[in-house]
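Visitor: Please model the entire structure based on the sequences and the hints provided.
Chains as they are written, first to last, in our numbering: chain V, 1 to 167; chain S, 168 to 519.
Rather than coming from a laboratory, the hints here were simulated on the basis of the structure. Any given hint might turn out to be false.
[What the hints assert, rightly or not] Listed next, the in silico SDA-like pairs over lysine to any residue satisfying Cα-Cα at most 25 Å (straight line):
| no. | chain 1 | residue 1 | chain 2 | residue 2 |
| --- | --- | --- | --- | --- |
| 1 | S | Lys499 | V | Lys126 |
| 2 | S | Lys325 | V | Leu162 |
| 3 | S | Lys430 | V | Phe70 |
| 4 | V | Lys126 | S | Ile332 |
| 5 | V | Lys126 | S | Leu199 |
| 6 | S | Lys189 | S | Lys325 |
| 7 | S | Lys189 | S | Ala367 |
| 8 | V | Lys126 | S | Val271 |
| 9 | V | Lys164 | S | Ile332 |
| 10 | S | Lys499 | V | Ala63 |
| 11 | V | Lys126 | S | Lys242 |
| 12 | S | Lys242 | S | Ile256 |
[As the list claims (entries may be wrong)] Derived coverage of chain S by chain V (criterion: at least 3 residues anywhere in the stretch with Cβ under 8 Å from a Cβ of chain V; other residues may be distant):
| no. | segment |
| --- | --- |
| 13 | 230-241 |
| 14 | 291-304 |
| 15 | 309-319 |
| 16 | 382-394 |
All figures in this text were calculated on a predicted structure; none of them were measured in a lab. Backbone N, C-alpha and C define an ideal beta-carbon position, used for all residues, glycine too.
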Amino acid sequence: MEAILFYLTALVAIVSAVFVTQCRNPINSALNLITTFLCLAVFYVMLESPFMAAIQIMVYAGAIMVLIVFVIMLLNLGLAVKTRYTHGLAGGGVLAAIILLLANYFIRAGEATGTGGEITSEVIAKYGHTELIGRAMFVDFLLPFEIASILLLVAIVGAVILSKREV
Amino acid sequence: MTPEVLTLSETPWLFTAAMLIKVIVAFVVTLLIVAYATYAERKIIGRMQTRLGPTMTGPMGLLQPIADGLKLFFKEDIIPSQAHWFAFIIAPIMILAPAFLSIVVIPFGADFQFTYDGTLYAVPLQITDLNIGVLFILAMAGLGVYGIVLAGLASNSKYSLLGGIRSTAQMISYELAAGLSIVAIFMLSETLSMRGIVAAQQGPLWGLESLSFLPNWFIFSQPLAFLLFIVGSMAEINRTPFDLPEAETELVSGFCTEYSAMKYALFFMAEYANMITVSAIAATLFFGGWAGPFYGWINFLLKVFAFMFFFIWIRATFPRLRYDQLMFLGWKVMLPAALVNIVITGIAILLW
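Guide: As structure tokens, then:
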């Protein structure tokens, strides 16, 4: 049952991801990218991380893609890209094939050592996924979290300064 | 004897039947409320402006929503020749679906108990109790933006585009304030599940016996969060005084200018469905959900109707905001207020 659902969702995710690059119309590409994000959210639910699924939809589908569509709307990028650009297509294809082979090689080269940590399905069912993530972020890995937030703050300040005419 | 909870693995048929009944009842009731919310809105605003509102169709105009629906259903469905047809068709669907989906996590009554085959079963009156309930609602609210954005973009018309741009900016700004105001509720209830939040609001206020005449609703603990949530969600669902995206006097009808027939009706249904959703969320988060003097779902419906009346009342009372006022309110007033509210709540939780 779960396997069927997985393969169906994976099919939708891959087909829409292909269409993201193949559509001549930026609106269609954006819609397909949203579909891909929703499929990823379904995968998170299947991996027993509902919090990540909700965040995936809220942040990627609900905020970032809205901004991208907003930019498409503001720039009024026409209703279709007339010419198809083909330069670099062969190089990209070769690069992608090499990366695929390398990744496959590394995955199959040795035995996996660290399968199954402390977080099992029972632990998730007992504490809830949100609480586990909260503990990991704000107790165990507080310093990296703070460093990441300072990085984001720098980015925000930079964006404000760039968009203001006089500071 | 503690009742058994229905599960898919142990009692598949009963579980499926209970689920189907819950889904169908919730959907049909929401649709009925949507239909009669249009009637109520016209009637109430009419009375507030010393008019009568609809009176001709049926007794006291009660058949008016059905007549409107039939009329819009049989009208010609026009797609402008310069429109982007796929996004044009999908836009009304993408605005209506998240509005209805949010209802899935809202509890509308206490457990319903029944005996079958000698065993006592309990069915929670809620379609599903996600343990990320509130986040699910926020996610759906985030997806609701697409309907309006796509409608504005796909129509290929200036008024629609202006309406779409306005609404995107507005919804992104106010989603933040409304979402942050709910964070203070999580901090008090210590759960994200809607059912858990209702359970956290039982008993006397702050557990004090001397205050037993007041229920422990979060409106008393978090009045600022409630205000921010109501204003923010009113802006998010584009109700007056925040209806800049469809401002009739400036933009004809904003993002739905090019729409006709059933697609146009879907936009209006979405507006009322969003209103119901927001009312239900406000009733659950701040007013104790289904708790109250009457039987479970009656309390809940009364609270929802009270909120909807409030929204209609606001529409009859306030003029539309100007765009710069809207942005000022969202970013410079509501967002800092929501953040301050979170900090104060955190300090209060640490002290007590």
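Visitor: Could you tell me which of the hints above the structure violates, numbers in ascending order?
Guide: Structure breaks hints 1, 2, 4, 5, 6, 11, 13 and 16.
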